[in-house]
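What follows is each chain in one-letter form.
2 protein chains.
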Amino acid sequence: MKRLNSNPKQDGFRMPGEFEEHRGTYMIWPERPDNWRFGAKPAQKVFAQVANTIAKYEPVTMVVSYEQYANARHMLDPKVRVVEMSNNDSWMRDCGATFVVNDQGEIRGVDWYFNAWGGLVDGLYFPWDKDDAIAQKMCELEGCDSYRLPDFILEGGSIHVDGEGTVMTCAETLLRPESGRNVPNMTKEEIEKTLCDYLNCTKVLWVPEGIYNDETNGHIDNICNFVRPGEVVLAWTDDVNDPQYAISKKALEYLESETDAKGRKLKIHKMYTPKPILISKEESEGVDAVDGTLPRQEGDRLAASYVNYYTGNGFVALPIFNDPNDQKAIDLLKELYPDRVIEPIYAREILLGGGNIHCITQQVPKGNKKNV
Amino acid sequence: MKRLNSNPKQDGFRMPGEFEEHRGTYMIWPERPDNWRFGAKPAQKVFAQVANTIAKYEPVTMVVSYEQYANARHMLDPKVRVVEMSNNDSWMRDCGATFVVNDQGEIRGVDWYFNAWGGLVDGLYFPWDKDDAIAQKMCELEGCDSYRLPDFILEGGSIHVDGEGTVMTCAETLLRPESGRNVPNMTKEEIEKTLCDYLNCTKVLWVPEGIYNDETNGHIDNICNFVRPGEVVLAWTDDVNDPQYAISKKALEYLESETDAKGRKLKIHKMYTPKPILISKEESEGVDAVDGTLPRQEGDRLAASYVNYYTGNGFVALPIFNDPNDQKAIDLLKELYPDRVIEPIYAREILLGGGNIHCITQQVPKGNKKNV
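Chains as they are written, first to last, in this note's numbering: chain A, -18 to 353; chain B, -18 to 353.
Do not take every clue at face value.
If several chains are the same, the list does not tell them apart, and a pair holds so long as it fits within one copy or across any two.
[Said to hold, decoys possible] Distance condition first, Cα-Cα at most 30 Å in a straight line; then the derived BS3-like pairs of lysine-lysine:
#1 Lys22 <-> Lys(-17)
#2 Lys111 <-> Lys(-17)
#3 Lys111 <-> Lys26
#4 Lys248 <-> Lys60
#5 Lys309 <-> Lys230
#6 Lys26 <-> Lys262
#7 Lys(-17) <-> Lys37
#8 Lys309 <-> Lys111
#9 Lys60 <-> Lys111
#10 Lys347 <-> Lys(-17)
#11 Lys60 <-> Lys347
#12 Lys111 <-> Lys22
#13 Lys26 <-> Lys243
#14 Lys256 <-> Lys60
#15 Lys347 <-> Lys37
#16 Lys315 <-> Lys243
#17 Lys231 <-> Lys60
#18 Lys26 <-> Lys(-17)
#19 Lys315 <-> Lys347
#20 Lys60 <-> Lys(-10)
FYI, nobody ran anything at the bench for these hints, they're computed from the structure. Because the structure is a prediction, the values reported are computed rather than measured.
Whole structure, please, built from the sequences with the hints as guidance.
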């Protein structure tokens, strides 16, 4: 498959909303013992549950290292396609390709440079070369060409689009030098132009910050999501003593003050977070201590949010935490997605690794059909 | 994808002739320096030429180790799909899946046990676990279920079928304990039954021996091939002083004495071999010497044969050797395959590794269409 030097906007390709119809979903099998406790065995069970759940609705490809191939094949539903692929960790949203489509239903990949959420400035592990190679390999598997951006650092979890010209991201992720992405090498205007060229958008919404203590430098996909064009969910708490309160309030005020690419005011739904979730002693002790990898220490607050759900063909896969607000989240999504089955999955184990269901999935769009 | 405990005959699946229409071709990128001289760089050029030639006619998937991925992607035509897959060496014919089809065009894989041409008795390298895992991974990539035979050792190069009930193999490969396959654990009758069950055949043709000095223990695909049902080519020499003469004569007498599954006498075309090809000093010195891998010594005679050609959609890829008989082979194939383009490829480099174009390719059948 070819590597392209043009960009999707020039070529008439756009990134569809996640809620548009999918060809399928990609995931990566977890295994690194310095991030996942107990040799990743508990995480593998939950990843398998997520994959097997999604496979009821659309094709799932699980990519797996050589070493874990047989075990993953054994644990996954036969409907899931298992493909060998080297990796550094299991965050397909962030290192995987961002797929774009044209009006003829042709798909292409955007292969951003991946540097493990901040590279040598603020990255979570080193090296990240295997993860950075994954986007191209997905495109080869799907038989599509790709746009490679060796000089622009982006993770899929730091963007959400409405498919109609609007991209939403967090200033915390993309505009601070401390985040180890493109600043100070690029200006805000250059970053906006790159996002707009490669996603085919005309408007960038800059939510100030992500979820409190999110190790990704505030990925948008943990705090805010497009339900459909013109309509978003926002992670929320009413507890003024929680540092999350000020963050969510600023985001709300920003979003209320803005319009999308089509000039619409956004309809904003508050999605209540669970109460603070801390790493337990046992959970901390199950993780290998390795220099250069972010430690998992007892008492650390995890970036738990229901907004990190994944939308697919006829379903929404929702992380839950055995918290009173689980039901609120389920009820809200039932109301917002009346035509989809809400699939709640107990996901503390994914959260312990630093993300959730949206972070471990990446959609391949169908292309030529809308299914809002 | 599922692992099946039944067999293709029970389930109404058969192995089509190679000359029937393909969905595509799989190959493995060469790299091991104890088999391929000069770090496999000369071999990679020829493998790329083979892949790029086939890709003019049908989809090609090149499977490649993590380490060689970027280099292979660089050297191959963009039309070739490149997929990461661990391997021990590059003989896709022998370790890859044998695909079977049913009347509805559904395909499945047969995943024989692969032991590097003889295991601990007479194998060419150790270990062979990565190669043995390749067949299943191909089936996952193709999205099809597979039959696994952990107790039956077979390489794809040791069988040819006519797609109408006849399988052809060599007694030298499958019936001698010295060959390190299934004898003495199985009787000839048990071996015949297994071949017939998994290829959906009713008649096994036992050519006595393969090409002189063939390190595979006499694979059929180097000495004899079905052009179409009822018609074969046979490697031949008129030089009575060449040890190949007696081997080819015995094969001719055997084939003349037999009928196929449909009761037809076979039409046999003699395909003249090139004159003996020996490993040069320079070629021998370019190969790493490693205990447990077959050495490549100066003066060793290579198992050169034009019969090791590969038949695909609208083409035949033919190994040539810069020998006067090259043209004879081309002319014969032009006559036998009037509707296909004959693509001669100078293939001494593949031969140096122990096989040829047929040994490094494996077809995935289209399924429901015949294209004899």
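Within, between, both or neither: Lys22, Lys(-17) at alpha-carbon 30 Å: Only across copies: Lys22 and Lys(-17) sit 23 Å apart there, 38 Å inside one copy, limit 30 Å.
Given identical chains, is Lys315 near Lys347, meaning Cα to Cα at most 30 Å, within a copy, between copies, both, or neither? within (24 Å within a copy, 44 Å between copies)
30 Å Cα cut-off: does Lys231 pair with Lys60 within a copy, between copies, both or neither? Neither. Shortest intra-copy (44 Å) and inter-copy (49 Å) distances fail the 30 Å Cα cut-off.
Homomeric proximity label, Lys60 with Lys347: Cα distance no greater than 30 Å: both (19 Å within a copy, 22 Å between copies)
Between Lys347 and Lys(-17), at a C-alpha cutoff of 30 Å, which is it: within one copy, between copies, both, or neither? For Lys347 and Lys(-17), both the intra-copy (20 Å) and inter-copy (25 Å) Cα distances are at most 30 Å.
Homo-oligomer pair classification [Lys(-17), Lys111; C-alpha up to 30 Å]: both (20 Å within a copy, 29 Å between copies)
Is the C-alpha distance from Lys315 to Lys243 at most 30 Å within one copy, between copies, in both cases, or in neither? within (27 Å within a copy, 63 Å between copies)
Can you tell me if Lys111 and Lys26 fall within 30 Å by alpha carbon in one copy, between copies, both or neither? both (23 Å within a copy, 25 Å between copies)
Status of Lys(-17) relative to Lys26 across identical chains (alpha carbons, at most 30 Å): between (36 Å within a copy, 19 Å between copies)
Which holds for Lys26 with Lys262 at a C-alpha limit of 30 Å: within a copy, between copies, both or neither? within (21 Å within a copy, 56 Å between copies)
Checking an output row: Lys248 and Lys60, CA cutoff 30 Å. Within, between, both or neither? neither (38 Å within a copy, 45 Å between copies)
Within, between, both or neither: how does the pair Lys256, Lys60 come out at a Cα-Cα threshold of 30 Å? Answer is neither; intra-copy 36 Å and inter-copy 52 Å both fail.
In this structure, the hints that do not hold are numbers 4, 8, 13, 14 and 17, in rising order.
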